[in-house]
Structures are given as structure tokens and as C-alpha cells.
Amino acid sequence: MARWRVGVDSGGTFTDVCLFDEEEGRVEVWKVSSTPDDPSRGIAQGVEEGMRRVAPEAGEQPGAPVAYFGHGTTVATNALIQHRGVRTGLVTTDGFRDLLEIGRQKRPDLYDMQADKPPTLVPRDLRLEVPERVRHTGEIDTPLDEDRMRAAARALREAGVKAVAVSFLYGFVRPEHEQRAVAILREEMPEAFISAGHKIAPEFREFERLSTVVLNAYLGPVMRRYIERLTPRLQSLGMTVAPHLTQSNGGVIGFSTAADMPVRTVLSGPSTGVVGAQAIGALAGFEDLITFDMGGTSTDVALLQGGQCKLTSEAVVHGYPIKAPMLDIHTVGAGGGSIAHVDAGGLLKVGPRSCGADPGPVCYDRGNTEPATTDANVVLQTLNPTHLLGGRMAVRQDLAKTAIGQLAEKLGLGVMETAQGILSVVTANMARAIRVISVQRGHDPRDYTLMAFGGAGPLHAARLAKELEMKRVLVPRNPGILCAMGLLLTDLRADFAATKLLTADAAAVPEVAAGFAQLGQRAAEWFGHEGIAPKARRLTRTADMRYQGQNYELAVPLPEGEITGETLRTLTEGFAEAHRQRYGFVAEGETVQIVTLRLEATGLVRKAELKAYPEAGPDAAGAITGQRPVWFPEAGDFVPTPIYSRDALQPGNRFAGPAIVEQMDTTTVVPPGMNARVDAYLNLILEVTA
Amino acid sequence: MSQALQAGTAPALDPITVEVIGAALSSIVEETGEALIRASYSTNIKERRDCSTALFNAAGETLCQAEHIPIHLGSFIGIIPHIMRRHAVEEMRPGDVFVGNDAYEGGGTHLPDIVLAEPIFVEGRIAAWTVNLAHHSDFADRGHAHIYQEGLRIPPVRLYRAGELQKDIQDLILLNCQVPHERLSDLRAQMAANRVGVQRFQALCGKYGTETVLAAGSALLDYAERKMRAGIAAIPDGTYAFEDAFDSPEIDGTLPFSLRVTVRGDGMALDFDGPDQMRAGLNMTYTALLATVYYAVKSVVDPTILPNAGLARPLTVTAREGSMLNCRHPAAVNGRLQACQRVSDMILGALAQAVPERVTACTNSTCTVASFIGSRKADGALWVYLETMGGGNGARASKDGLDGVHVHTTNTSNLPVEALEIEYPLTLLRYELVQDSGGTGRFRGGMGLRRVYRADEDCRVRIDTSRLHSRSWGLFGGGGGGHGAVECGPGVTFTGNTAALQAGQWFAIVSPGGGGYGPPERRAPEAVARDLAEGAITAATAREAYARTP
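Quick mapping for you: the protein sequence lines, in order, are chains A and H. According to the working numbering, the first sequence holds residues 1 to 690 in order. According to the working numbering, the second sequence holds residues 691 to 1240 in order.
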């Protein structure tokens, strides 16, 4: 009987499978090596092995007991980073084929003359222009030259392109020309993947829209091929449910939608982690969270207020602007593998170079001699100085110490001070990343709980919290598989937007009402397409607003109910308050505009319900597996520190720092001045001693 | 009473605290910049980002400049000493905000760049300054015989006194502006930015202690100095001279500019000369020259050096007073960027003799500006639209130059076509790279841009640029870049660099290309084939410069 909900996070090194038994409320985890040449193999293998283990009764149909399948993927991201998309053509308004290359005409680095822009994804000879021109008012200045359009389609077919992007000026105001262009392309090249501006990103600012449409076309066939491979593999396991995939906005969509809009999945991986953090936070009773997902080479941070992560409608991802709903996740290229060095001016720097998994840090003894963040932790003995990965991997502390000693000499500091210094610099860099998503958006990190996950998150979280004066850190039970788990806790979600330039007063009521009615219609179609029952449908409305004359908007939520003059009044008041909070002033008497109406559609799915464990009392002594000296800067020395086994900690257990908590996939540091407790869901909660 | 805090009695700091506080200062100037752009109204700030932010210490030294527009540093380093000269520090109060733009009494580099500077008080004393600059696209359609024709001169005066708006001052400024509503809104955005700067710097002092933050600030200047010295020491000692000819549509013929760079040990001296200052808006104040030199030398020596006052210490910058490159009152300065760009390229040209692998061939050497002014049909209100265009960048020792980018002392965004046409009665007909404009070479110079405008209502346009006659030089056998041009549609005539446009008329501006690097005959055949396929070069160039038969 179908009672297993399965989440799969397919990463660069491992594919994590999280299996949840709906009846027992039990979570099982399975990990297999990823198969980067065709990730669907690793996924199918992981699901098969995991399911055979938990549901052997299914026999040769191990996928049959799967009631829900959710999947976070890096297929689109990797194709983008490695520039492995398909040969793509572009059709633009006459006079504007070079816009893709010119962009906003800024150079890639202000001072570094050797810096380059990311490669242009469509070479100039595959960027074709056709006569047509729509005005911003919607009037047609020049009708589409259909003969030239057909000639362009044929030329692209001759050139062997696999995908075509179409983006005309003001296509978002009046899409007929783009629609006609798409129809002609389909006639002339039925096999090609075609993306059009009005479908993919119907919003103002032609370059960012163009960039998004081109990326979508470039990634389209890659995503389509991936889904075409994965689907039959899952079916052959006997799985009958429709599989889902996470988008950059944290919601999941069906495979066919993902195949049409791959540009919406470029943050699929990290957004799944945020959703996992959101669910765990809600269970633990903390809704104002800053997530800190620190891995080997990169770190993702995000802010959740009231359990919600803000959506951005535009971001630059791997050098390319994308207009698509994305969780406001900030990524920095630093992690446990980042290399420490002394620069020409004599300051200690960590990163941006990373030693990666191979050769890895100095302590792995695989030939690297430049110390990484991990080496500093091994020297300080915050990480186990002899073995990592629950004893599976031996490390050489002596090598790490020698490497850091060489740095210490250049700095004129002691070895331990230098090792601690590496962590301080890492912490400062991470704090800067968190400032981007908190302080710079008007949020005070001190009001938030830091949720740490990823292999290196729990190791650095307490120091980071201290740097930002945050009072509390939450380390989930399984920090290494939070992303896979997030998939079991995710609703279906789609975002709909319409650009409508209106003055925000009572006269706008009919237009706003009509706009939302239209978005509601599109949402209803989507709900139907995804097969979501009427009672599981949720809609949230917001309006992007600004003072007339500004070009950046603030998102203001709409109150429930019918749209009336009162709604508009509430909106303008909400806008004034948001503007005051952000910029410190309200421009009395200035005209307020509505620019974009947004509708967020959520299809509630039954989520994995994690079971609370019974209280076992405060005494954590039973979980102590030993003791080792750990260097703490507060003491300026090694301090004898108890080592706790995460697996043995029970709900209700309490202990004071200094302490180290070890588990297979991570290590948590509890510094002096912090207390730790275990909650009913086995989360570890670190709090500053009152 | 207030007294500037001195960093002299500071605690000794470890390199790690310095690094951490340095990161915090960088995030403060980034945040203030973001607030300025997002709250602003004029297209020149909100879309083109023609603005900058910085923090200064109480002694008036740059602590940190955000990565916006290098030339704006000139106004920043100029204004603080002028504020100090005019206003007693002991009379300053929290919430005082000084406004200024003047080239001679305010340290500015041209009048549209209006600076707002606010002292940051910590524990009753001035600990630092938050400053920001917005290029207000106003003062259009002016004469440039001397600075009195160029717009309102504002010495640093209080726009706010202890948090109270000095409405008289504001009214005086606004009456002298062509688009007062935009000016007011952008000034408010500048206030919002300073507010962020004050709060964040005070919070930083609250956290680490004011003395520690100030000491870290001093240490960061020392650090930048050390890196600059280490970088200069790696350049072979010697004297490297370079000359170039300057041209502008404001003048007839060309003017000789020259430079001697002397590298000795870990110091560098740059001595410039040029013709006497002119009755044209092309003159550079000394602060404009300094900002230009700091930008260019940092780029060549070590682009990672922190942009603070420490990097200037190993540098000696001289130019004859009263010359175009170090002008005196009352020289006009509005188009000083054209000279700044040329000066930057001369520094590259001189240093190419010492460190050929670090420099580029000559960039497009200009910042191509088109400014429009008109009166709206609907209500008669004036509108002013300023656009600066990128061009080709110079080719490098191991790769081609970048196509169609801003170079050197500016780096503004373009105005999106869709924003342009919604805001102004203009239509952009084409925006494209210019074939054959990149200098030939083993590595090709970057291509220039062409922008074709149609007027939908009557208006006037003015073009500021350079290299209309001369070409950007190549290096080590590389060819010169294509020159800039103004192309006129039927009925359009430019008088000097201005023209009246009637509704329906069009004209085009072409920005120059960058110079090539290395002899063209050494260019890889596949690179020539790709250039040909992509239309970066013509078949004739493939044949004649690269000896390739298409």
C-alpha cells in the first residue's frame, strides 16, 4: 500500500534520499553516490535501494508504495555553470540583436582589466533581427514582417539550433508579434524548444527579460532530456504517482511545467533547504529564522520572517540576470574547503579559492599543503583531530598544524591564534553575507534564530551568531539531509504576475480587480493542471508599489476580500509604512503607483508529519562519549571539553558549553557561554546563557 | 561642542580585527549606495546608477569608497577640506548635512555632481563622515566658456542644521534647476543614504568600541599603502614617458597631452603636462586628476587594493597649474571626463613599457555623452535626459578587449530602452556593436557602440565625446580602434556639438573602438573566422589585416 513519501536531493557528490512513512511518522535516510553524467541513474538507484530497505514487501515493484515523489535538482544550475546548454538562436526587434551582449554596458569588474563577462549564450551570427515595433502604449508602430520572420526561422533551422528565444520590445505590453513569431518558428522547426518573452518573463526592462528568455531556451532541451530519462526509470520501479520538482521559489511543480520553464529551477537545490528549514522551524516553534547552509565550497543564507522567505522577482545567478520568482537566497563562494592565505599587504584572507573534495584540506593527506578552514578546525580540535565522518575517515592533524604554522610565521602570530583567526575571518565573511539578506533589507538579525545545516554549518554557527549578536542557534536532527527532507514538507506553488501601471487611488479599483481576476483565472488553470483539490488551494495577493518617478518597487500585501476603495487605501498606507521603514521618509503628497500585481498560488499537499519524541529528562550524561581538549578563544587556551553523541541525545537533555556534539554528517560546537537543549523533535537548540 | 576624534591613541590591533572591521566598512558603503539608488527618481540615478558613496575619517581621508564611479572620488576628497575651511568643527551638530558641488570652493569636479556630506557623531564627537554623490542630470544646454555659465555653484553649506531642513537653501538650489521636482526627490534619496551610513557606522562603534574602529580605519589605510608599495616595487625602476593628442567636438584640431611616470623603489611619481586651460568645458581640477590617477594606478598595480586614502601615499602627482590637467578658477569643467579618460589611457601607455602584461591597449578613450533637453508638449515642463555610452575596451596581452563597455573613470548603466521611451519623447531605433571598430591585432580591440535616436517631440541635443578624428592606439603592433562619429538623418545639422531636432528626425552616435594588442598576423585563424562569422569584422579586414581569404 502506498504510504511512503520520498524526497530526493541530487547534489554534486551525493544523492540523498529521505523516506517518510506516513503511517508510522518515521523518517529513513539513504545516501548513494551521484552519477553526474546522467543524474537520473543515481536517483533511480537511490530510490530503489531505499525503498527495498524500508518496504521489502513490495518485491520487484519497489516504487509501488511511493505516495509522493519530490525532487530538488541541480541539472539547470550545472548546465548553466558549465555552459552545457544547447545551441540556441535568438530573434529580436530590428536593431537590438546585440542587446544580449551589451547588457547594461557596465564592465565586469571596476578595477580588474583582465576580468571577463560571462560568455554570451547566443553567438552573434545566431541572433537575428526582424522588423516589428510595438510602442509602450500598446500601439503598433511597425507590424511584424512575417516574411522576414519566416526567413529567420529557416536560417536558424539551417544553422542547426536546438532552441530559439524570441524577445521583442514591449512584448509584455502586447504579445501578438511574439505569438505570431512563435507560431512561425513552430511551423518551420517543430522539433526546436521555443521560449518567448511574454510567456517566460512578462515584465519591464528589456535586457533582463531577454537574458531570462535566452537562458530558458538554452536550458530547455537539457531539462527536457533529463526529465525524459528520469520519468521511465521511476516508472520501471513501479512508481505510479506524478513526480514533482522544486523551483527556485521553494514550491514544487509537475515535471511538464519544469520542462517548459527550466529557468525557474536554477535555485532548486538551495530553495529546498530553505523549505526544510521553514518546516523544522515551525515545528520547533521558531518562525523568524536565518538559514545558514554551509557546505564545502559554497554557503547559502536566507531570511524567514513569520515562517516566510521573501521572494525576489529578479536576481543575477552565475553572472546572468534572471527575472523569475526566486527565494531571496544569497550565495557566497566560501565553505569548509576555502583556503587561507596571507596577501601582499600582510592581512589574513580566506578564500575565494577552495581545495574542493579532492585533494581536500591538508589534513586529508592527499597532497594539498595550503590550509583550509577545515584544517583550522582540526588544529583547534573543534573537529575530531583523528577521524571524520563518524570514524570512516582518518585525518592528519600534524600536517594541518604545519601548514597553519607557516601562515602564523608570516603573520607574526601563534599557531593557535592563527587557526582561530581563520575562523574569525570566515565568520566575518559569513556575517557579511547575512547582512545582505537582513540588515540591507531592513531586518535586525538579533531578532532571528540562526538555523545551521549543511556539513559545516553547525561547526561555525555559534561563532556566527555571536558576531551578529543573535541569541539562538537551531541545529536540526539531520543537518546533512535537510534538503531532501524539505521535499517532503513542500507545497505546490506557482507565482503569477501582471505588470499594470496604475495610480493607487479609488479610481484604480476596477483595473486592480480585473487584473487579479485574470491572474486568478491563470491560477485556476494551473490548479486544475496539477490536480489540486479545491479545498487545498490557497491564494495570496500582493502589489508592487512605488512613488511615481521611482523605478524600484516595494511589495505590499493586499488585505483579504473584495477589492474596494478601502483596499486601495490600505495598500497606500502599507506602502508608506514600508517606504518609511526602508528609506526613512514618506514623500507626503506624491503620487503612489501600482506597478505589478502578483498572485501566489499554493496547492497544499499532505506533508510528512514528524513525530514528537517523549521527554527523557535533562540529564545528558548518557550521551557523553569522551572528552578532548578544544581551543576556545574565550579561554585563549585548550579547555577540557565533553564530547556528546548526537545519536544518543534525548528530548529534554540539557548541557552547558563548552561542548562538542558529533554525528556522522556534521559536528556542532557549543562554546562557553551557551547552553544546549534537545527538543521533542531532536533538534539541538543553543542559547546564550542569560 | 565637538572635536574630531584622533586615532592616535588607538589600541594595538591584530590583523584579524582589522579585516573584520574592513568588511563592515565595505558593507556600509554598499548599503548606502543601494538606498540611494532605490529611493531615487531620476533615470540617471535609479537606472543608470550615476552616483557613489563613501566613508571618510575625521581627518578627511577616504576610509572606504563603494565600487561605483571612480571619478566621483575626486569630489569626495575635495569637499571635506572645504567644509573644514568654511565651518568650525566645534559648531557642527548631529544631523548637520552639508551640500556642495563647486569645483573651486567645494572640491568638486563638475557642477552636476552634488555631494551630501554628514558628520557621524559618536559619544558627542565626530568619528567619521558619510558622503554620497549623485550626478543630477540638470544644468543642461549651457555655455562652457567659464564655470559661471555651467550651472549653480554651491560651496559646502548646510542643507540640514541639526536635522532641520534649511528650506531657504533648498529653494535657492531648486530655482536654479531645470527639473526641480527630480532634484528634490534625488536629494531626499541622498538624505536616506546618509541616514543609513550614520546609523550603521554608529552601530559598528557601539559594537567594537569607537577607538578600535578608528584604529582599524587607520590600519586599513596603512594596509592599502603596503599593498600599493609592494605592487610598485615589483615594477622595474625607470622613467616611462607617453604622449597623446586630445580632440573634442568643442575644439578645433588636437591638443598635446604628455606624461612622465617615474618608478623608483616602492614609490611612483606622475608628472603631466598639457596646454593652458581652455575656454571649453574640458578642464580637469586637481582633484579630478588625483581621482583619475588613483583609479588607473590601482588597476595596473593591484586591482584588489582597498579603495582608501592609503593607496595614494606612495604616489606623487603633479601637473602645471593653469594647464588643462590642473585648472584654476574660472575654467569650465563640465566635460572633464573626456580628459580624465585620456589621462587614464596615457598611464596605461606609459606603464606598458614596464609591465606590458598588466595593461590594455588604449580603450575607446572617452565617455560618449548625449544630453537632451526639451519642453513637454503636454504641460510645458522641461525634461532633461542624459545618457553616457560605453565603447570598445583595449585588447589585453592574452585576450581580446571587451566590446561595448564603460571604461576607466566611469561605469554607469545604460537606460533601458523601455524606461527611456516611457519617460521621454524619444524612440531608440537601434543599439548595436559597430563592425570593424575594434583595433586589429593578435588580440582584437573591443567594438564601439551605435545608438540611433528619433525625436518624437522637438528638442535639443548636445554630444560630448572624443576620438572623432584620432584613433585609440594599439600596443606592440596592434591596430588602432575605429573612431567615434555622429551620423545625421535628413534635415539634422550639428553646429559644433549641438543640434535642434524636430519631431520625427533621427541621428546616431557612434562610440570609438579599443586598440588591438600584438601584430594581427599572429591572430589565431579560428579567431579571425569567428570574427568574420559574427560580423565583428568585414571580409575586407579579414583579407587586408589578417591575410585571410574568406
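Because the hints were derived from the structure by calculation, they are not lab data. What you are looking at is a predicted structure, and each value in this text was computed from that prediction instead of being measured. All residues carry an ideal CB built from backbone N, CA and C; glycine is no exception. Treat the hints with care, as some may be off.
[Said to hold, decoys possible] Rough simulated footprint, nothing fancy, chain A against chain H, three-plus residues with beta-carbon under 8 Å:
(1) 721 to 733
(2) 880 to 889
(3) 907 to 919
(4) 954 to 962
(5) 984 to 994
[To be verified] Which residues of chain H face chain A? A partial, calculated answer using Cβ under 7 Å:
(6) S717
(7) K736
(8) S875
(9) E1111
Exercise for review: Quick one: which hint numbers does this structure break? Sort them smallest to largest.
Suggested key: Those not satisfied come down to hint 4.
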